[in-house]
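Peer 1: Can you build the whole structure from these sequences, using the hints too?
Protein chains in written order, with the working numbering: chain A, 1 to 484; chain B, 1001 to 1489; chain C, 2001 to 2098.
These aren't lab readings, by the way, just hints derived from the structure by calculation.
Positions of the beta carbon are idealized from the N, C-alpha and C atoms, including for glycine.
Careful, some of the hints might be misleading.
What the hints assert, rightly or not - With the C-beta cut set under 7 Å, the calculated list includes, among others, these residues of chain C facing chain A:
1. VAL2004
2. VAL2014
3. LEU2017
4. VAL2027
5. GLU2033
6. LEU2034
7. THR2035
8. PRO2048
9. PRO2053
10. ALA2058
11. ALA2074
Claimed, not checked - Ranges of calculated distance between the beta carbons of each label pair, as one might list FRET restraints:
12. B:THR1271 x C:SER2036: 42 to 52 Å
13. A:GLY239 x B:ASP1296: 20 to 30 Å
14. C:PRO2075 x B:GLY1322: 58 to 68 Å
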Amino acid sequence: MAIDVIGLTAERAAALLRGRACTAEELAQAYLDRIAAVDGEIHSYLHVDPERTLAAAREQDAAGVDGLAGVPIAYKDLLSTRGVPTTAGSRILKGFVPIEDADVVRWGNEAGLVSLGKTNLDEFAMGSSTEHSAYGPTRNPWDPTRVPGGSSGGSAAVVAAGCAPWALGTDTGGSIRQPAAFCGLVGLMPTYGSVSRFGVVAFACSLEQVGPMTLTVRDAALLQQVIARDTDRDATCTGPRAPIEVPEPGRLDGITFGVPRVELEAGVEEGVRARFDESLAIAESLGARLVDVDLPYARHGLAAYYVIAPAEASANLSRFDGVRYGLRVDAPDVRAMYEATRDAGFGAEVKRRIMIGTYALSAGYHDAYYVQAQRVRTLIRRDFDAAFGDVDAILLPTAPSVAFPIGARLDDPLAMYANDIFTLPVNLAGIPALSVPNGLSEGLPTGLQIIGPAHSENLLLRLGAAFEAEHAFDPVPPGLRSAA
Amino acid sequence: MSGAWQRNGYEAVIGLEIHVQLNTASKMFCACPNRYGDEPNTNVCMVCLAHPGALPVANAEAVRQSARVGLALGCRIPAASEFSRKQYFYPDSPKAYQISQYDQPLCAEGSFHVPGEGAFSVRITRAHLEEDAAKMIHAGGDAGRIQGSAGSVVDFNRAGTPLLEIVTEPDLRSPEDARRFLTLLRATVVAIGASDCDMEKGSLRADANVSIRPLGSEEYGTKTELKNMNSFRFLERGIEAELERQLGLVRAGEAVRQETLHFDPATGGLTSLRSKEEAHDYRYFPEPDLLPVAQDPDDLAALAGQLPELPVARFARLTGAGLPEATALLLATEVELAAYYDDLAGRVGDAKVAANWVMGELQAHLNAAGIVADATPVTPERLAGLVALVVAGTINQTSAKEVFQALVEDPAATAAGVVGGRGLAQVGDADELGAIVDRVLADHPDEVAAFRGGREQVVGFLVGQCMKASGGRADAKALQALLRERLTA
Amino acid sequence: MSDVELTPDEVRHVAALARLGLDDAEVERLGRELTSILGHVNTIAQLPIADVPPTTHANPHGDALRPDAARPGAPRAEALANAPDPAPEGFRVPPIGA
Ligand SMILES: [Zn+2]
Chain A
1 MAIDVIGLTA ERAAALLRGR ACTAEELAQA YLDRIAAVDG EIHSYLHVDP ERTLAAAREQ
61 DAAGVDGLAG VPIAYKDLLS TRGVPTTAGS RILKGFVPIE DADVVRWGNE AGLVSLGKTN
121 LDEFAMGSST EHSAYGPTRN PWDPTRVPGG SSGGSAAVVA AGCAPWALGT DTGGSIRQPA
181 AFCGLVGLMP TYGSVSRFGV VAFACSLEQV GPMTLTVRDA ALLQQVIARD TDRDATCTGP
241 RAPIEVPEPG RLDGITFGVP RVELEAGVEE GVRARFDESL AIAESLGARL VDVDLPYARH
301 GLAAYYVIAP AEASANLSRF DGVRYGLRVD APDVRAMYEA TRDAGFGAEV KRRIMIGTYA
361 LSAGYHDAYY VQAQRVRTLI RRDFDAAFGD VDAILLPTAP SVAFPIGARL DDPLAMYAND
421 IFTLPVNLAG IPALSVPNGL SEGLPTGLQI IGPAHSENLL LRLGAAFEAE HAFDPVPPGL
481 RSAA
Chain B
1001 MSGAWQRNGY EAVIGLEIHV QLNTASKMFC ACPNRYGDEP NTNVCMVCLA HPGALPVANA
1061 EAVRQSARVG LALGCRIPAA SEFSRKQYFY PDSPKAYQIS QYDQPLCAEG SFHVPGEGAF
1121 SVRITRAHLE EDAAKMIHAG GDAGRIQGSA GSVVDFNRAG TPLLEIVTEP DLRSPEDARR
1181 FLTLLRATVV AIGASDCDME KGSLRADANV SIRPLGSEEY GTKTELKNMN SFRFLERGIE
1241 AELERQLGLV RAGEAVRQET LHFDPATGGL TSLRSKEEAH DYRYFPEPDL LPVAQDPDDL
1301 AALAGQLPEL PVARFARLTG AGLPEATALL LATEVELAAY YDDLAGRVGD AKVAANWVMG
1361 ELQAHLNAAG IVADATPVTP ERLAGLVALV VAGTINQTSA KEVFQALVED PAATAAGVVG
1421 GRGLAQVGDA DELGAIVDRV LADHPDEVAA FRGGREQVVG FLVGQCMKAS GGRADAKALQ
1481 ALLRERLTA
Chain C
2001 MSDVELTPDE VRHVAALARL GLDDAEVERL GRELTSILGH VNTIAQLPIA DVPPTTHANP
2061 HGDALRPDAA RPGAPRAEAL ANAPDPAPEG FRVPPIGA
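Peer 2: Here it is, written out as structure tokens:
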């Protein structure tokens, strides 16, 4: 049968498979056809191997599909996949083939998910637009002249374009939530330490988590059930505190939302602000109470983040030295080889961050930059702790703007960084946040960010489902609806 | 020669940095086997090859063994310690940072006592846990020296081996004290069972910080660092050579330059390493992939209670039992020999008799065979059987040596069996001895006449003849008495 | 330190620490960009928060240690498969140099 994969949720795909409406192989083939048709323009995949995908699907068919088995998925190319090239969007890892799967990929395989391929990203996840990929930018399926957001822009674009029912991304400062918002999707940044980072090419270890990027809140819950597990291979991971539940939409009686009004003054686009205010009204109409909260140190999040993340990154990226894997540029001695290899292998944004991080950790500056930023981090955590004493969750726009045109911010790093002001305080605090579609502004998606205390994923998913039901947002970009 | 190194009004100031490879089953941060001598790059994985996405998870046993060593060194074990990243690029460092510890080490301030003649104490600055580097196999094959070699091949088997770095205060005052300290420290770590501390295999490595200063001065002079001296003798000789070099410089009115030096045992010379390298900026920061290690006071108390008898305590016990200091020190520092001694002494019931046997026959045999005490076929049980026969007067010393040799050669033999089988029981019976004496005196009328003429010293000759006639089995004391009795009769 | 201006020599020093072989154009551009970014970062330098403990870990409840159980490593061929310059037994590197 011909399967229409545009707008097909993972939950619905699983139902089709369980009801024998199609086989896993047929479903995988339908996505591969879709990828072949549109990915030339969108450029969201870095690696697709149809034979491998179909073989994996046939294996699921042979085993007899159950649960999520046979449902396809796309993985951000920051996640190690055994035997399948993993580039992190960098020239320095061109041709690198991991010898083990990331934990989250292993668990995806155990659940019977069928990988469609690896998705594009800003090099080493450093960026907010996917323009910093060494393999070229990804386009936003809502408007191909615009960015899909980043760094998980490829994962967002594949789902929005119907090239995968769902995808995994990673979030270090907003890299799941902001592209989800830009592409009209649901994106969950899990509580730090609830998902294993083993096999995730490291950018900033103390800030990042893997999370789902999906068409619906229920899909996000289903995928989170697969990946949120304890592991013995990541010392910072202890799994979720309670099993993840798939939510039903409902009223919000008894819920108190905090709204950080001061933060909203800082350069939020008019359309984004209008959609956000409408959601506040929806919250009240569903029985929730709104109160102002103050997060005085969150506004220093950007400065703290741009010390801590580059500091960790500068060390994490030192292993790319041309000795054991990846690119090597030949030179007469080791030191010259290091310098030539790393100069040729890293892109401009990665070099920028390595330089900031190295500077911030170097003798004489370490305390003024690195330690001071870690103190601000403590204060941001305290801000959130204090707020969650009074409110159940905090509401903010996911990003202050809609998707911007490709090239618009490439020459202004600070303007690019500023797109993450509402998301990165969450990473600094290590708490979860969910971005759900929040209607359109100028024909482009906006996102509503719901932030909760540590291990409040079930609450966030329930709140997200309530907003989702009220918005009745169609996640299929208009240009693609007719293409079906 | 014991005591401080003092020349021309200057004294030596020496501190040591000691690296001990812990003998855990797996590496420090991954599950790869921690094993020496395997084929290159066969004990490696994503983590110790530093593949992207690899994460370290710390080895509980390495932490436990480090705490035990720390307790034995009198260190304070803080309630929390922290791993940090120490950043430097080198092909033997796969992540280009070493996971080490910076301002929160596993073991803090301690003190270690070296007993015996000229006893002294050394303050321990800290002991921290880190990971070892990979091994560079140089195309030139020239040990240790890398400058100018024609490229290398890296073997990551050793990368990630748990390493305990023990740092002392500059409390040592002579090369000999440095050697004594390191010898006793090694014995302590071996007794704990945390490492085999084999300098040849590199599981114990020592660097020395060396300086001199005018006698009576409180300030330290400029120090140099001597790298990786791979035997106790080279440590002592290297420090000696460096002290002489510094003294020569200072007496010539020149300044000592802070640098890292390599001691060449073949020439006795010192060469400077990496002097051109820019000053290191390790950019330490707390390792975000690992959590602080918590130490529970109750667990630590239990750990301290479970430590085996340490060399310092053993030395005190053995000197207390009346053994000479030299014997006690040897038994205190050689774990296998000490265990053998304790076993034997327990069976024999006399510390000194047991010590004589261990220091005499047993040591000679072990040295000749090139084995350690727990590898000899002459177990304490078998040797105790022999000692018992000597103590009871069943055999004499000459026969005892023969029996010991028989025990070495035939692992199934018992001392009593050898004595019975070879008829080695001493002849003490008056009738039997009398017959031998009478026959010898009859055969040597000239010597008998000489004795009676006043030349008493011929007794020795006659005793020897009688002993020979007895096949070496005569009870020497009884023989003497009987011979004198007959000669003076 | 409200205004940081990175000189080309400082940029080269940091690049040397990070083993990035930058050309002159990159040194110039990064000097400008780092000056601008650090200028923003410096807004936190003045905060009077010296008594606040720094946070390094977002999840203080992790499992700090693993049991000491060994598992065989990867086959050598697999370990060497990604090497840019493999030797039969290991990873070849150029001479260390002076
Ligand atoms: Zn390993």
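Peer 1: Of the numbered hints stated earlier in the document, which are not met by this structure?
Peer 2: Result: hints 1, 4, 7 and 8 break, sorted rising.
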